[in-house]
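Residue numbers (our numbering), protein chains in the order written: chain A, 1 to 205; chain B, 1001 to 1313.
FYI, nobody ran anything at the bench for these hints, they're computed from the structure.
Mixed in with the good hints, there may be bad ones.
Cβ-to-Cβ under 8 Å is the rule here; a few derived chain B residues that face chain A [unchecked claim]: (1) 1034; (2) 1041; (3) 1042; (4) 1073; (5) 1154; (6) 1158; (7) 1190; (8) 1302.
Here are the in silico distance ranges between beta carbons for each label pair [what the hints assert, rightly or not]: (9) B:1178 x A:15: 54 to 64 Å; (10) A:205 x B:1210: 20 to 30 Å; (11) A:202 x B:1144: 40 to 50 Å.
Footprint (simulated), chain B over chain A, 3 or more residues, beta carbon under 8 Å [said to hold, decoys possible]: (12) 11 to 23; (13) 64 to 71; (14) 89 to 97; (15) 195 to 205.
All residues carry an ideal CB built from backbone N, CA and C; glycine is no exception.
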Amino acid sequence: MHAPLNLAELRPGFSEPVRDSQSAFRALLTATAQPGTVVELGKALSPPSGLNQAAAAVLLTLADQDTLVWLEPGLRGGAVESWLRFHTSCPLSDQPEHAAFAVLVSASLTSGMLSGFNQGDAKYPDLATTVVVMVPDLHSGPALVLEGPGIENVAEIAPEGLPEFFWSERADLVAHFQFGIDVMLCAEAALVSIPRTTRIQFKGE
Amino acid sequence: MIATEAHARPNAAPDERYYTYAYLDEQTKRMIRRAILKALAIPGYQVPFGSREMPVPYGWGTGGIQLTAAIIGPEDVYKCIDQGADDTTNAVSIRRFFATVADVATTEDTSEATIIQSRHRIPEQPLADGQIMVFQVPQPEPLRGLEPRETETRAMHAYAEYGLQYVSLYENISAYGRIAATAGYPVMIDERYLMSPSPIPKFDNPKMHMNPAILLFGAGREKRIYAVPPFTRVRSLDFEDYPFETQSWDEVCALCGANDSYLDEVVLDDQGQHMFVCSDSHYCADRRAKGHAGPMAGHALAHIETEIAVEEA
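Between the sequences and the hints, there should be enough to build the whole structure, so can you do that?
And the structure:
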């Protein structure tokens, strides 16, 4: 299961881990407190092919030996896995229902996938998986209107590359709040955080 | 207090200086950061976290200090208040602590601060978008006084079973004719989780409703972190016929004349003399600087505050 570690090809992580992870976290804090806000993070990173800068910054900032990470099959066994193991020491899992963080590309989303992640426990809803989805961009897809805690009136985003069932399946999962998954959409060095409290509609509906 | 000196380390390389930036180790900060993000995703829910030993005793703000340490960066401007005052021992110590271990600028000015750590008050001046309030919480569980078992209170939160809390408020009314709680008055967050707002006076409860700032709560001894995101509904519990009310005073602030701030009673001698002054020291000083004067303006107590502020600077 362990990919051989090739140090010569290993891409670097944060150049100043303490400073960089603090500023990346503050971007994540802003994004999660105010869903729909596009934040920039990981701009200086050159992550391995398959991982974009924002997703790489999320993992470098939050993943460590205490967090089980699920990588989609396309990211397993190669440079991404080696990079992640080397920089964060996080254990990887094949079982999405155990993952604290899940990392996947929007193109490989399949119907029913989201319900396979940890939805949290009634008494410990914080155990739910944070799903990091890499998308092509955050502005040229169908327009979405966001409401809920953290949003004064409404917020709008337009992420590209997400299949339509993604939003309906997410809505079904978070309808049973406190259960549900928290999503982070990552495009290059931009990120939008969609916690389970956010209510989403296609614009015009 | 530990960490007041000997931290200058003039020979440390710049990158080495940041190895233990903000006191906590990186693994602890990551753990707290993950808890904060989950707390924001589930507003009002108490996220368990691995609270660390801090260089102050439990009860002195260890939860708030750990939260601040996990979020603070060198660009931040840090304010710390204790019961509203910038110049009390606990507030001064914690402010110096972060000035030392996190290289941050400190301030007493509420509008200047990016992070405001507080023990039991929300400043009078409205908070702004982008500010973060960090509350030090002694007892995060609003139901603990009614139900001592953690397993039970956790189940009550899981199933939103808050009847016991309403019974308690009802008993209050039957005993005193009103809801007698004055601080730590329970609130409902986004109509789902019952939350203790830490023992802030209920005077401050309405300030949390649809507030533009991020509100973070940390309980070090009880090992819990919870949060209220900006623009979130915060409702103080009440009954239709006994609506929620905040404290009010017949007096105005003796020093600055404010009639809209939370007032502390100060006993002046053993002859029954007393005065009411703003609990928010910066709000009061700011008003006095702008020329507002209360009935006892110029009292010796006003000068004490000024002297401490000068020495601090």
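Consistency of the hints with the structure:
1. 1034: holds, 6 Å
2. 1041: For residue 1041 (chain B), the interface hint holds, since the closest Cβ of chain A sits about 4 Å away, which is under 8 Å.
3. 1042: holds, 5 Å
4. 1073: holds, 5 Å
5. 1154: holds, 5 Å
6. 1158: Since chain A brings a Cβ to about 4 Å from residue 1158 (chain B), closer than 8 Å, the hint holds.
7. 1190: holds, 5 Å
8. 1302: violated, 38 Å
9. B:1178 x A:15: 54 to 64 Å: Hint holds: Cβ distance 60 Å, inside 54 to 64 Å.
10. A:205 x B:1210: 20 to 30 Å: holds, 26 Å
11. A:202 x B:1144: 40 to 50 Å: holds, 44 Å
12. 11 to 23: Held - the stretch 11 to 23 of chain A has 7 residues with a Cβ nearer than 8 Å to chain B, which meets the minimum of three.
13. 64 to 71: That given contact holds, which follows from 4 residues of the stretch 64 to 71 of chain A lying within Cβ reach (below 8 Å) of chain B.
14. 89 to 97: violated (count 0)
15. 195 to 205: Check passed, 3 qualifying residues.
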